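Peer 1: Chain residues, written in single-letter form:
2 protein chains.
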Amino acid sequence: MDHSIIIQHTQKFIQLTAEEQAYFLSLLQEKRLNRKAFFLRENEVCNSVAFVLSGCLRAYSVDEQGFEHILQFAPQNWWITDMFSVLSGKPAHLNIDALEDSEILILGKKEQEQLYLDVPKFERYFRILIENSTVASRQRVLDNLELSAKERYAKFCSTYPTLINTIPQKQVAAYIGVTPEFLSKMKAEYLREL
Amino acid sequence: MDHSIIIQHTQKFIQLTAEEQAYFLSLLQEKRLNRKAFFLRENEVCNSVAFVLSGCLRAYSVDEQGFEHILQFAPQNWWITDMFSVLSGKPAHLNIDALEDSEILILGKKEQEQLYLDVPKFERYFRILIENSTVASRQRVLDNLELSAKERYAKFCSTYPTLINTIPQKQVAAYIGVTPEFLSKMKAEYLREL
Numbered sequence: 000m001d002h003s004i005i006i007q008h009t010q011k012f013i014q015l016t017a018e019e020q021a022y023f024l025s026l027l028q029e030k031r032l033n034r035k036a037f038f039l040r041e042n043e044v045c046n047s048v049a050f051v052l053s054g055c056l057r058a059y060s061v062d063e064q065g066f067e068h069i070l071q072f073a074p075q076n077w078w079i080t081d082m083f084s085v086l087s088g089k090p091a092h093l094n095i096d097a098l099e100d101s102e103i104l105i106l107g108k109k110e111q112e113q114l115y116l117d118v119p120k121f122e123r124y125f126r127i128l129i130e131n132s133t134v135a136s137r138q139r140v141l142d143n144l145e146l147s148a149k150e151r152y153a154k155f156c157s158t159y160p161t162l163i164n165t166i167p168q169k170q171v172a173a174y175i176g177v178t179p180e181f182l183s184k185m186k187a188e189y190l191r192e193l
Numbered sequence: 000m001d002h003s004i005i006i007q008h009t010q011k012f013i014q015l016t017a018e019e020q021a022y023f024l025s026l027l028q029e030k031r032l033n034r035k036a037f038f039l040r041e042n043e044v045c046n047s048v049a050f051v052l053s054g055c056l057r058a059y060s061v062d063e064q065g066f067e068h069i070l071q072f073a074p075q076n077w078w079i080t081d082m083f084s085v086l087s088g089k090p091a092h093l094n095i096d097a098l099e100d101s102e103i104l105i106l107g108k109k110e111q112e113q114l115y116l117d118v119p120k121f122e123r124y125f126r127i128l129i130e131n132s133t134v135a136s137r138q139r140v141l142d143n144l145e146l147s148a149k150e151r152y153a154k155f156c157s158t159y160p161t162l163i164n165t166i167p168q169k170q171v172a173a174y175i176g177v178t179p180e181f182l183s184k185m186k187a188e189y190l191r192e193l
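Sequence lines, in order, name chains A and C. Residue numbering for the first sequence is 0 to 193, as defined by numbering that gives the first Met the number 0. Residue numbering for the second sequence is 0 to 193, as defined by numbering that gives the first Met the number 0.
Keep in mind that a hint or two might mislead.
What the hints assert, rightly or not - Quick partial rundown of chain A residues pointing at chain C, CB under 7 Å, derived from the structure:
| id | residue |
| --- | --- |
| 1 | 68 |
| 2 | 130 |
| 3 | 145 |
Keep in mind the hints are simulated off the structure, nothing from the lab. From a predicted model like this one, the values you see are computed outputs, not experimental measurements. Think of the CB as a built atom: it goes at the ideal place given N, C-alpha and C, for glycine as much as any other residue.
Assemble the whole structure, with the sequences as input and the hints as a guide.
Peer 2: Below, the structure is given as structure tokens:
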């Protein structure tokens with residue numbers, strides 16, 4: 000696996016010495032996930048965060064009627080976890096699985112706490128990532144209150160121009176909050192209007 | 000104003016010396032906001048975060064039809080800002096005003112950056128707060144996808160037992176994403192079922 004990807008990602012936010020890079024990498028555990036394999040299942044306690052080196056993961060919940068609702072896609076260079084479960088130690092609400100064959104690096108909760116103590120710069124790294132993630136989640140709350148399904152689809156296309164072509168339409172529908180049939184209809188209208 | 004409130008809040012997460020406490024307080028600026036007064040207006044660039052000592056603030060956007068959508072309430076002990084604007088330096092999407100006469104402490108962006116350098120423990124403090132805020136925002140995204148308006152109302156009541164009795168119903172409706180009339184009807188049904 001190509002570990003330089005995660006080092007390059009940290010370098011966007013913090014400067015690490017060669018020793019600190021090596022120490023960080025020593026805390027990470029490699030894992031290959033085949034398509035549809037799980038990183039986390041609902042009701043398990045989640046004790047780690049995953050960084051995607053290749054492929055794409057998704058985090059979703061399943062409602063009482065069995066419908067999937069997608070909280071997040073994580074393509075290359077994204078971290079993904081059930082943060083509620085990691086922070087509280089309670090069972091996860093989310094399932095996290097691979098949409099395609101994927102390679103991930105896993106950082107355990109204890110290792111992450113140790114990392115903060117040993118290399119405090121990582122407090123900064125994860126704080127900045129979480130700030131960005133919070134901005135995105137909060138904007139999505141407002142979008143759900145303000146925008147029509149069609150506007151949310153248009154926004155998804157402009158925000159994730161790469162994902163829109165690689166992720167199955169059914170997954171996009173479960174993210175936007177519409178049925179796949181309704182998405183097809185919207186997509187046709189959207190493309191006609193472009 | 001009673002500054003011990005914010006010091007007590009930091010002590011839930013980090014241990015500060017008397018000197019560090021004094022330095023932190025020296026960076027904060029006091030402000031009184033009368034009811035309906037603004038901390039931030041849409042399209043202004045937001046350069047600070049506010050901590051609520053007393054009263055209650057709210058962050059909301061206004062859609063093209065003029066309807067308000069509430070992202071966050073901030074009663075005592077909460078921080079509030081337009082994080083998108085603070086991080087990006089771009090104009091705010093949000094309005095932030097006082098629902099009642101309020102006292103706030105303001106931490107400027109530059110002062111916050113300086114604080115991180117001078118007292119790195121604050122990286123931890125704000126990281127933990129942002130993690131909690133992210134968990135809440137992400138859960139709200141899922142709630143909006145999964146739950147009916149009535150279930151969202153029930154959840155609001157159990158999550159914010161104090162707010163539900165002090166905030167005007169119109170504001171609760173703008174948070175849940177329904178009209179005030181629909182909220183009245185739901186509330187009557189909800190109370191009958193208790």
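Peer 1: Please go over all the hints and tell whether each is borne out by the structure.
Peer 2: Hint check:
1. 68: For residue 68 (chain A), the interface hint holds, since the closest Cβ of chain C sits about 4 Å away, which is under 7 Å.
2. 130: 6 Å, holds
3. 145: Where the cut-off is 7 Å and the nearest Cβ of chain C is about 5 Å from residue 145 (chain A), the hint holds.
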